[in-house]
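Trainee: Chain by chain, the residues run as shown.
Number of protein chains: 2
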Amino acid sequence: MAENEPVPAGRLTIAYELSCGPGQDPRSMAEDLALEQTVELPVGCVPDAIAGAVVGRVEEVVDVGGGRARAVVSYDPALVGNVAGQLLNLLFGNVSLKVGVRVAGIEWPEALLAEFPGPRFGIEGLRELAGVAGRPLLCVAVKPVGLAAAELAERCRRFAIAGVDLVKDDHSLAGQEWAPFAERVARCHEAVEEANRESAGHTLYLPHLFGGPNGLARRARRLRALGIRGALVSPMLLGWDAVRWLAETSGVAILGHPSLTGSLFAPDHGIAPEALLGQVFRVLGCDGVIYPNAGGRFPFPLAACEAINRELRKPLGTLRPAFPVPGGGIDAARIPEWVGRYGPDTIFLVGSNLYSRPDPYAAAKGVVEVLRGWS
Amino acid sequence: MAENEPVPAGRLTIAYELSCGPGQDPRSMAEDLALEQTVELPVGCVPDAIAGAVVGRVEEVVDVGGGRARAVVSYDPALVGNVAGQLLNLLFGNVSLKVGVRVAGIEWPEALLAEFPGPRFGIEGLRELAGVAGRPLLCVAVKPVGLAAAELAERCRRFAIAGVDLVKDDHSLAGQEWAPFAERVARCHEAVEEANRESAGHTLYLPHLFGGPNGLARRARRLRALGIRGALVSPMLLGWDAVRWLAETSGVAILGHPSLTGSLFAPDHGIAPEALLGQVFRVLGCDGVIYPNAGGRFPFPLAACEAINRELRKPLGTLRPAFPVPGGGIDAARIPEWVGRYGPDTIFLVGSNLYSRPDPYAAAKGVVEVLRGWS
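Quick note, the sequences are listed as chains D and S, same order. Everything in the first sequence is counted per numbering that gives the first Met the number 0, starting at 0 for the first residue and increasing by one. Everything in the second sequence is counted per numbering that gives the first Met the number 0, starting at 0 for the first residue and increasing by one.
Among the hints, erroneous ones may be present.
[Stated by the list, open to error] Partial selection, computed: residues in chain D whose CB lies under 7 Å from chain S:
#, residue
1, G92
2, A173
3, L263
4, A293
5, G294
6, W337
[Stated by the list, open to error] Which bits of chain D does chain S cover? Going by a derived footprint, with three or more residues having C-beta under 8 Å, they are:
#, segment
7, 60 to 72
8, 94 to 101
9, 134 to 144
10, 297 to 305
[Stated by the list, open to error] Label pairs and their calculated CB-CB ranges:
#, chain 1, residue 1, chain 2, residue 2, range
11, S, E182, D, P46, 16 to 26 Å
12, D, G20, S, G130, 42 to 52 Å
13, D, E247, S, E182, 20 to 30 Å
In short, the hints are calculated from the structure, not lab data. We treat Cβ as the ideally placed atom computed from N, Cα and C, and that holds for glycine.
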């Protein structure tokens with residue numbers, strides 16, 4: 000949403016980009032959308048008392064030419080009712096099943112933000128956990144799925160000795176038979192702690208959390224029992240309210256992974272990456288958010304990366320800022336260039352590029368030295 | 000997947016449609032995909048012991064012309080590790096962030112199906128709960144959000160008196176202040192029970208379940224305590240493993256709603272609707288699956304509707320068949336036509352069209368009479 004636009008006080012205000020087919024009027028599309036996302040009824044069947052308060056309100060419709068329009072619709076935040084899933088439902092639930100509707104921006108009323116946890120640690124808190132002030136951080140993914148727990152732990156140990164700030168599970172690691180969760184997490188954490196003692200380091204190990212209500216709660220308790228301080232979650236795999244619950248109750252820092260989000264990032268239908276990854280993930284409690292960096296394995300535009308960075312770090316109610324975590328095929332040799340572009344409040348996630356080197360651990364150490372030399 | 004193709008025994012086998020950009024070779028795309036969805040490493044960095052067992056195996060690549068190809072990749076089902084989220088991750092997690100990849104079909108090994116609950120009731124079980132043999136069923140949505148619990152309950156009562164088989168919450172109803180969950184569910188259920196006593200009917204009330212681990216478990220217990228026999232869930236809002244957990248533990252019939260799934264249904268990127276709604280939703284435990292019917296408010300093609308119907312009802316391991324639940328703007332006047340096309344093992348979900356009539360309850364009764372007359 001443009002900075003200079005008036006935002007209705009106290010309303011959740013969403014800017015949509017609409018693609019209008021032949022004969023489609025953008026104002027009618029916006030009005031349909033405001034009904035579809037709330038009462039799911041034609042306007043004539045909505046009780047009067049509800050029509051004014053509950054139905055989305057079309058604030059503005061601007062035809063931008065080329066069959067496209069920009070519509071701003073505001074909603075009573077009481078519709079969310081303190082449920083993360085309902086926030087997503089209000090943003091794009093039924094409308095996902097239409098075509099040519101894109102959530103381009105979200106303005107959050109303070110009262111709605113106050114219902115959600117936001118990052119428990121945020122940039123400053125995660126820096127304290129990792130013992131890193133002022134410079135960008137390095138995160139390495141421990142992989143691949145299929146290795147035994149002891150083999151994964153040895154990789155963790157060597158990356159920790161190399162001085163990597165965060166060692167996280169690949170999000171494909173769950174409870175598979177090759178390395179069952181309890182054994183894997185205990186071994187990997189112990190290996191990192193051992194390396195920290197050996198090298199006086201502060202590397203954090205972040206296991207991947209997954210599963211249904213009971214399993215997730217059990218795994219979160221295990222993390223606490225082991226003294227683990229962070230975890231990786233994939234909101235689209237785990238569930239929006241489960242992420243929020245972890246942020247509120249687990250006591251660990253949360254790194255959000257974008258698995259399964261990609262179909263939402265189509266140019267003319269979905270949710271803008273900076274709105275979903277930069278805002279929603281942060282509001283639900285992610286202290287860092289992974290996204291596929293431009294120039295990597297995924298076709299993600301630089302402008303989207305920069306917009307995500309901006310949204311994660313900007314003032315937003317009383318929420319703490321969160322770390323952008325560009326990944327998805329970063330070339331370690333280009334880290335200095337990315338640091339120059341993204342600045343120090345960034346965690347660089349490097350995985351496959353390090354594993355492709357003759358000595359991944361020496362290569363990781365080289366990146367750490369570059370980042371430590373940053374100023 | 001075509002019926003006559005050999006499927007590798009015991010492997011989870013996925014048929015992808017690939018859109019190849021200029022200079023893109025479909026076989027390389029398929030091989031990248033098989034790596035991306037498992038080890039997330041270039042082929043040269045995968046330990047030998049894992050390369051054979053864990054990396055996806057490209058079974059077939061067929062160039063179908065026009066820059067499109069069909070690729071079949073098989074996976075060791077142990078990758079799923081009995082976690083629903085990991086099933087989705089394996090199907091389309093990281094690949095969602097690429098472009099031009101569509102999951103067109105899934106072949107399930109028996110051992111993988113056996114890990115998941117599938118429908119607890121299925122078509123026959125839900126028929127028994129609703130006391131309806133041999134004919135199609137009518138489901139009506141109680142709405143809109145914004146009404147008080149007593150007003151929603153009165154709508155439930157009147158639809159039950161009209162003989163509607165299932166009365167379900169709109170999926171926008173959660174725990175909002177206008178009608179808090181506990182009060183709303185108790186009143187709506189009691190209203191339906193009262194109507195059932197009055198008219199010797201068997202109408203079922205299905206409240207919408209939502210929330211994080213603790214809240215969901217608490218709400219499921221409340222349903223049991225009240226004697227409620229079914230619930231509505233939105234898997235993309237609630238979380239895949241939460242749905243599976245409800246199917247396994249709650250004892251209620253599960254109706255799955257497609258909120259937020261729509262961006263996955265793009266023609267050249269995503270998951271085919273019949274694979275997601277027709278297979279995945281069923282495997283995770285939905286007894287009925289709602290989808291937007293052709294000719295309604297959503298641009299859903301008839302072929303997709305028919306494919307979903309087929310997948311929900313077809314033999315699949317030892318899983319019970321599930322009800323297709325076409326909705327999203329069905330015109331009550333066209334029900335006879337849809338019954339002729341879809342057959343008796345269908346639940347018709349009608350909402351806004353009934354509310355648009357001068358007397359929604361009389362209109363609902365009319366539909367019930369049509370369905371009762373079906374033979």
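Trainee: So which of those numbered hints doesn't the model satisfy?
Mentor: 4, 5, 6 and 7
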